[in-house]
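Asker: All the letters of the sequence shown, read from the start, carry residue numbers 2 to 162 under our numbering.
Hints are computed from structural coordinates only; laboratory data are not their basis. Ideal placement from N, C-alpha and C gives every residue a C-beta, glycine not left out. Only true hints are included.
No more than 27 Å apart at the CA atoms, straight line, and that leaves these computed lysine-lysine pairs for DSS-like:
hint	residue 1	residue 2
1	K4	K14
2	K57	K23
3	K14	K117
4	K128	K72
5	K4	K128
6	K158	K128
Now the in silico label distances, taken between C-beta atoms and shown as ranges:
hint	residue 1	residue 2	range
7	S79	E116	19 to 27 Å
8	T61	G17	13 to 21 Å
9	K23	L139	39 to 47 Å
10	E3	I32	33 to 41 Å
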Amino acid sequence: MEKEPMTRDGYEKITGNLDFLKSKERPQTVIALDEARQLGDLKENAEYHAAKDKLKLIDTQIAELSNIISKAVIIDPSTLPHDKVSFGSTVSLVDVDTDEEYTYTIVGGIESNAEKGFISFNSPLAKQLMGKEEGDELQATLPGGVRTFEVLEVYYKEINL
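Could you build all of it, start to finish, from the sequences and the hints given here?
Answerer: Below you can see the structure in the form of structure tokens.
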């Protein structure tokens, strides 16, 4: 079974979502389904079909989250060295060709959010950054093509998802 590394915050967020789905969302949807079923002819009952579809979606989400949680390995990035890029490191980069600067924090796949600067340890860029140090230059092969980056800084900062 493949493991899914994540931070404590990521784990708590996922387990909170799962708990909400199981204790609130699913029971409410089951009640709505029962109420819609009592309205009569199921073939032309839009409320029934909507509730049934919603229940199917919730059950799928519960299964997916349960699967992720079963594979979770909680890693505390504050205990790792960050002289080189590793899980939980924040990395400042500059694109050598355009002089654009980027800052990313490397997190678990479920925690990634590129707009907030969180990239998955499994992303093409993160894989190529692992083990790099300040001052290193790398040719990163990305979905948009090959880009050259220089690592400006590698450090740890508290991760707030």
